[in-house]
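Student: With chain A fixed as given, assemble chain B onto it according to the hints.
Chains as they are written, first to last, in the working numbering: chain A, 428 to 613; chain B, 1035 to 1198.
Calculated from the structure, these hints are not laboratory results.
Hints may be right or wrong, so weigh each one.
Each computed DSSO-like pair below joins lysine-lysine, with the alpha-carbon atoms no more than 27 Å apart [said to hold, decoys possible]: (1) B/Lys1115 with A/Lys442; (2) B/Lys1112 with A/Lys442; (3) B/Lys1036 with A/Lys442; (4) B/Lys1084 with B/Lys1187; (5) A/Lys442 with B/Lys1077; (6) B/Lys1115 with B/Lys1077; (7) B/Lys1101 with B/Lys1112; (8) B/Lys1077 with B/Lys1036.
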Amino acid sequence: MLDAFSRTVISADAKNTAIGSGELATLRNYVAEGNKRLDAVNAITSNASCIVSDAVTGMICENTGLIQAGGNCYPNRRMAACLRDGEIVLRYISYALLAGDPSVLDDRCLNGLKETYIALGVPLQSAARAVSIMKASSTAHINETNTTGTNPDETRFRKMETVQGDCSALVAEAASYFDRVASALA
Amino acid sequence: MKSVVTTVVTAADAAGRFPSQNDLEAVQGNIQRAAARLEAAEKLANGWEKVTREAGDACFKKYPYLKQQGEAGSTQTKVDKCYRDLGHYLRLINYCLVVGGTGPLDEWGIAGAREVYRTLNLPTSAYVEALTYTRDRACSPRDMSPQALNEFKSYLDYAINSLS
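In isolation and in its complexed conformation, chain A is listed as follows:
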């Protein structure tokens, strides 16, 4: 497993050079933006169950066959497995976002995931759809643009009370990890 710092070390070692000012500039940026990154991880972890259950609900709303007899989210046992997998994927994405490097997500979550799902008969398209909904709501949580949507009584998610700033780079980075999951399932 690597983080932003050890990734730089690995590539410098391959070139047999010391790490100089050029590479250090990106790492200094990681350090300078560190608190934003921690807030972003916190925004995801604090709302994890909300993000996951919304994504799975959305996936089922678009394809109600999933919860009818014979569907892949029927009976409860398989629905529970689906929610659990959503949480696992989100957890590894939160690790990757904390580390600033996707290696933990690749090694520990995505490696062999598609083959496992095919073997278990899990529909890959539905899984990818749930991930893309998680992407939309997670980026909204990081940006704090999340709303109650069509349900005004929605109270599960917590609005972070952090100072508004420019999180576009972090949002793009987080989105890239979700896309990584989607492409691993494609």
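Tutor: Chain B in isolation, oriented as in the chain A frame:
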């Protein structure tokens, strides 16, 4: 590779939980101390060739017998390799400063070094002398800020201890 972030993530993953407040604070502490490390890494990278040369010169000055017939530095090729190895150690220290842990030194510098030196009949005391010279020569504020110097010297000490 071992660093604060990977340690935190490994622990969280073993427990199957999201990164907790504690984890985030550990990472934040690491980030706050990062400025000194990165400064030391940058200064070392800038002066890398000079530092390597001075360290090697110091070691051959203290142990001139090394250049005699049958010793570890008997030919120019062997002497060059000594300087190259010192450069490796300093490069790995540069990596350690970037990562904020001893991972690079452990994995690429120390693991197996004792066996290699014994097999090739190389004296570790010469490396110790070179790295000690580097450690005692570095000073603040000429080379880097006091905190950066502290980080740099702690990794030099780590390498010295592994060789002595």
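Student: Next step is simple, just say for each hint if it's right about the structure.
Tutor: Hint-by-hint comparison with the structure:
no.	hint	verdict
1	B/Lys1115 with A/Lys442	holds, 18 Å
2	B/Lys1112 with A/Lys442	holds, 23 Å
3	B/Lys1036 with A/Lys442	holds, 21 Å
4	B/Lys1084 with B/Lys1187	holds, 17 Å
5	A/Lys442 with B/Lys1077	holds, 19 Å
6	B/Lys1115 with B/Lys1077	holds, 24 Å
7	B/Lys1101 with B/Lys1112	holds, 9 Å
8	B/Lys1077 with B/Lys1036	holds, 23 Å
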